[in-house]
Amino acid sequence: MNLLRHARYVLSENPVTGLAFALFALLLMAAIFGPLIAPYSPLQSNAAMALKPPSAAHWFGTDQLGRDIFSRVLVATRLDLSIAFASVILAFMLGALSGVAAGYFGGWTDRVVGRLADTIMAFPLFVLAMGIVAALGNEVINIVIATAIINFPLYARVARAEANVRREAGFVEAARLSGNGEARVLLGHVLPNIMPIMMVQMSLTMGYAILNAAGLSFIGLGVRPPAPEWGIMVAEGANFIQSGEWWIALFPGAALMLAVFCFNLLGDGLRDIIDPRQRT
Amino acid sequence: MLKLLLSRLATAIPSIVGVVVVTFMLTRLLPGDPAAYFAGLAASPQAIAEIRTKLGLDKSLPEQFVTYLVDLAHGNLGNSLSTGQPVVTEIATRLPASAELTLLALILAVGIAIPLGVLAAVKQGTWIDHLCRIVTTAGVSLPVFFTGLLFAYVFYYLLQWAPAPSGRLDVFLSPPTHITGFYLIDSALTGNMEVFWGALRQLALPAISMAIFSLAPLARMTRGSMLAVLGSDFIRTARASGLAPGTVVFTYAFRNAVLPVITVLGMVFSFLLGANVLVETVFAWPGIGLYAVNALITSDYAPVQGFVLTMAILYVALNLTIDLLYGLVDPRVRLDS
Amino acid sequence: MTAVPALAVEDLSVEFRTRSGIVKVLDHVGFSVDKGETVALVGESGSGKSVTAFAVMGILDPAGRVTSGRAVFGGADLLTLSERDLAEQRGRELSMIFQNPRTALNPIRKVGQQIADVLVRHGGATRPDAPRAAVEMLKRVRIPDPERRAEAYPFELSGGMCQRIMIAIALACRPALLIADEPTTGLDVTTQAVIMDLIGELAHESGMATIFITHDLALAAEYCDRIVVMHAGHVVEAAPARALFAHPCHPYSAKLLAATPGETASLTELASIPGGLPDLRRPDLPACRYSDRCERRIDDCTKPLPHRSAGERHVVSCWNPL
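Protein chains in written order, with this note's numbering: chain A, 1 to 280; chain B, 1 to 337; chain C, 1 to 322.
Just so you know, the hints here were simulated from the structure itself, not pulled from any lab data.
Computed from a prediction, not measured in an experiment: that's the story for all the values here.
Even glycine gets a Cβ: it sits at the ideal position worked out from N, Cα and C.
Mixed in with the good hints, there may be bad ones.
[Claimed, not checked] Chain A regions said to be covered by chain B (calculated; three or more residues, Cβ under 8 Å):
no., region
1, 48-55
2, 134-144
3, 237-249
4, 252-262
The whole structure should be built from the sequences, with the hints applied where relevant.
Given below as structure tokens:
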């Protein structure tokens with residue numbers, strides 16, 4: 001298939017993308033199998049072993065409650081990735097649908113969606129997320145909703161632009177002429193056609209969604225202890241960094257960086273495969 | 001130019017309206033009884049009922065909105081539960097700390113990113129170009145609170161170069177005479193150099209942490225824009241006219257390349273204002289970000305709402321300034337509008 | 001005794017490094033321009049006309065490289081000059097104007113300022129005096145209301161005006177040679193004539209030599225003393241304009257003439273030139289790059305190109321000329 005051959009070409013030109021795919025696979029494994037292969041239970045505390053530096057027994061050391069940091073970082077992968085993934089999917093659903101409708105129908109739909117997106121963009125995004133989580137309640141689901149809302153304008157804008165371009169395209173005309181109602185054309189033909197570009201967007205915003213969720217947890221919103229999540233682990237570690245116990249914050253932070261880096265590279269690579277014209 | 005100012009102001013108004021409406025709605029979205037939130041966790045049912053009537057939370061939604069608007073017009077953002085003080089005063093006292101930090105971070109970011117981007121474009125393929133690529137790829141992946149922590153660990157704990165993250169000034173120094181609220185400016189204006197350096201030392205780590213975070217999009221945009229401009233027709237004409245290389249790169253290319261960078265500043269500010277909250281938390285910086293975070297922890301709701309509103313209005317004003325700046329640099333926008 | 005030409009290009013070869021290989025864009029190109037003379041460089045798109053000009057000016061794309069040849073101007077070989085020395089010459093002794101004048105000017109700088117920049121750079125005026133000198137230049141290129149126009153930006157001016165501004169910038173320091181790369185493409189017919197007349201007048205005033213790059217043979221015939229015909233990076237024929245039209249010697253020149261709309265030719269009579277430009281990435285390019293499309297091809301055509309005289313200042317590179 002042409003796409004696969006092109007993908008292989010891009011991967012050979014740009015080995016970094018291959019690295020990103022490998023990293024992604026690794027993260028996925030950690031998310032799915034983490035709790036099964038973790039050497040210790042992430043919640044199991046052991047006061048006698050508190051604040052121990054990395055060693056053979058505890059690869060990443062232990063935290064203030066004696067919990068194994070490696071296990072906690074590993075298990076946290078599932079929570080962090082799910083939160084980010086859920087918010088990206090939600091943002092995509094809301095944004096792509098309204099964006100495509102706005103670009104396709106124009107007129108009032110376009111104005112309303114545009115006004116909505118502009119209002120969201122009038123806020124510094126992280127601040128808005130803080131306000132939303134504070135308003136809806138300190139629950140994980142609200143982190144997902146807040147992150148989805150602040151990513152909505154981006155998806156809406158991309159979807160709108162793409163739908164606009166395709167409005168008069170041949171395959172759309174054909175679909176219309178075959179007697180499909182407008183909604184059917186929109187959902188059944190236009191939307192599937194823009195999926196590749198939306199996939200690139202989703203990959204690119206995964207990194208941002210992870211950072212956002214971690215940031216919110218860092219300041220105490222959403223995920224609450226003792227749940228293992230990279231953001232609150234860094235927050236807990238922050239208390240100890242000034243007394244020299246660096247490992248509590250470092251490893252979850254490094255995991256965060258790795259995940260975000262992976263998704264950014266992945267997004268860049270996907271974009272090169274799907275639409276090389278957009279390269280910077 | 002005046003026409004540009006007025007037209008941009010006109011577009012800012014719907015933004016402000018949207019911001020006010022959204023912040024109003026956020027208080028009404030509270031799960032359960034908003035009155036209970038404003039009364040606090042430990043309030044008795046009687047206290048809650050009092051708050052309800054006092055804040056007009058028993059009236060209809062439109063009436064509440066009008067009350068909200070009237071309150072805003074009078075600068076009334078409610079009172080903080082923990083201190084009992086008016087939120088607006090507390091925000092006003094803490095705002096200069098955040099503003100000074102954010103502005104310094106921005107100046108640092110721009111001061112590094114733009115020359116880096118320009119050099120990377122002019123000297124394509126050299127080590128500077130590779131450095132720029134690394135900065136832009138890695139920079140977007142760094143969680144700002146993590147970099148802040150790392151810096152505090154390395155430069156304060158390990159190397160002892162930086163002072164303890166204990167706020168805007170070391171305990172032994174007292175703040176300069178209040179003119180703007182910006183310690184750097186106030187101390188410089190009153191010739192109080194000891195306080196100036198003291199304030200700068202405290203600002204260094206948090207500002208650098210924030211700056212690193214916003215370097216990436218700025219450097220990337222500068223490099224990309226510069227590359228595009230250097231390949232354009234009018235640069236070819238400039239070179240064919242024998243203009244000096246400095247003139248070609250700076251007077252001709254750079255001024256054109258800077259336009260998309262100004263546009264990207266809006267997004268950078270959005271990130272900066274968010275990063276501000278996280279950095280203030282890490283360094284215990286007494287600004288409005290830390291204020292809001294503390295209020296969140298104690299479920300003190302009015303300060304959080306006031307914070308979101310203030311940040312949003314600030315952001316609208318910043319975007320307006322960016323638009324005007326763009327109009328100053330690009331005559332096509334100025335004269336065509 | 002022949003006077004020293006303003007510009008003498010000898011044996012110029014240029015190649016470009018691309019993703020798909022090395023493209024030999026120019027192969028031993030040679031021609032000369034006398035002082036005060038107007039020479040046209042004509043050929044299809046892709047024949048290498050603009051590349052020749054860029055090579056002479058030293059503004060080739062970084063992927064391009066001069067592999068042989070000389071460009072003797074003002075007693076020195078431009079191709080061996082350092083970038084700094086070349087920048088001294090450009091805009092002062094030799095200038096260039098481009099097509100698409102709107103995009104060729106700095107969009108956010110006033111046009112008067114752009115003219116002043118060149119004047120100040122090459123010492124044609126002092127900095128305080130430059131604005132006034134720029135307005136003088138605008139008058140020279142016949143722009144009405146020059147004081148006000150000097151304060152305008154390119155987007156506020158028409159295409160024809162912008163081309164005049166470019167001419168003003170190029171001629172501000174009274175160069176000895178002007179290279180005009182398709183200066184009238186994109187302009188309407190009336191403006192075309194006006195611009196060509198303007199260039200001709202200004203050249204005549206100062207005894208400046210001009211090279212016109214164009215694909216329009218009719219335009220070349222009307223405004224130029226001599227015509228140099230290029231094909232796929234080769235100079236195939238060079239002759240005085242009248243002589244070329246009366247008696248083209250190279251088969252390609254003849255085809256070009258036949259394809260050019262004249263006063264009497266109708267569209268149906270216009271012949272098109274069969275075939276296309278050869279792929280210049282081929283390692284096995286024939287000595288004559290036209291031979292694959294040529295009806296008059298003979299066995300000798302595989303030998304390196306000759307330079308045969310066909311009359312007064314009329315040279316043709318063909319083994320089987322007409």
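Comparing the hints with the structure gives:
no., hint, verdict
1, 48-55, "violated (count 0)"
2, 134-144, "holds (count 4)"
3, 237-249, "holds (count 7)"
4, 252-262, "holds (count 5)"
The structure does not agree with numbered hint 1 stated previously, though it agrees with all others.
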